[in-house]
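Participant: Numbering-wise (this note's numbering), the sequence shown opens with residue 38 and increments by one.
These are calculated hints, taken from the structure and not from any lab test. Idealized CB from N, CA, C, for every residue including glycine. If a hint is listed, it holds; no wrong ones were tucked in.
Mimicking EDC-like on lysine to aspartate or glutamate, the simulated pairs with C-alpha atoms at most 20 Å apart in a straight line are:
no. : residue 1 : residue 2
1   : K115      : D170
2   : K115      : D197
3   : K115      : E208
Simulated restraints, written as ranges between beta carbons of each label pair:
no. : residue 1 : residue 2 : range
4   : R169      : P137      : 18 to 26 Å
5   : L46       : D101      : 30 to 38 Å
6   : A69       : S229      : 30 to 38 Å
7   : D170      : D123      : 16 to 24 Å
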Amino acid sequence: MVWMLDQRLWFPDPSGARGDGLIAVGGDLSPARLLLGYRSGVFPWSAGPVTWWSPDPRAVFELDQIHVSRSLERTLRKGGFEVTLDRDFPAVIRACAAAPRGGQATWITPEFIAAYETLHHGGHAHSIEVWRDGQLAGGLYGVSIGAFFAGESMFHRVTDASKVAVVRIAEFLRGRGFRLFDTQMVTPVTRSLGARDIPRADYLQRLSVALAEPNRW
38 MVWMLDQRLW FPDPSGARGD GLIAVGGDLS PARLLLGYRS GVFPWSAGPV
88 TWWSPDPRAV FELDQIHVSR SLERTLRKGG FEVTLDRDFP AVIRACAAAP
138 RGGQATWITP EFIAAYETLH HGGHAHSIEV WRDGQLAGGL YGVSIGAFFA
188 GESMFHRVTD ASKVAVVRIA EFLRGRGFRL FDTQMVTPVT RSLGARDIPR
238 ADYLQRLSVA LAEPNRW
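With the sequences and hints as input, model every part of the structure.
Facilitator: The following block contains the structure:
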C-alpha cells in the first residue's frame, strides 16, 4: 500500500511497502520530516512529488567487512589522495548530482540540494572529500543520527576516488562506534566494496539499536 502524506509529521510502517519499496508519496523535504523518515527506516527519492522508499532487502556495509581489492590497496598505500570531512559539503552534493548515471536523470535536484544543505548546517548531513593536487577528486555525503549513517550518493573524477571515500568513511565510522552504515541498495561499485543485502526486518531492528545511541558525529 502507498500512503499519501499531508502536512502532519508521520510515516507508515515500512513493512507495508509495496514490492519495489515505495511506501508513501507527499509531504516535504523539511529537516524534521527528513530526520523522521530516516528514523522510520525510509528515505526520499524524488522531489516532485516527494516519494519515500523502504526496499526489502536493504543494503548495508558491515563496518568490519569492507572489501579492499589488491588494486585499491595499492592505491591506498601509494597515497596521493588527501581525505577530509565536512570541508566542502556543497561541492560534494553538487558533484554527486552531476555524476553520470547511464543517461538517467539524477534525483539530486535543486530541492534535494537545498534540503540536505539545511541538514548539514544542522549537524546531521556530512561529507567526505577526496582531493588530489588540491582538486576535488571524489567523495560522498550522507545523514548521521545517533550511531547510524546513511550513505546517500558518491562520485569520482579520478579513478578509485569514490572507493577511497567509502574505505575512509568506514574507518571513521568504526572508530566513532557507529553501528549501522546504510547504503540503501546494492550497486556494482558498492558490491565490490562489500555491500550486502539484509532483510528489511533485520535492518529495522539494527536501525532501532543504532538510533538509541548518542550522536557519534
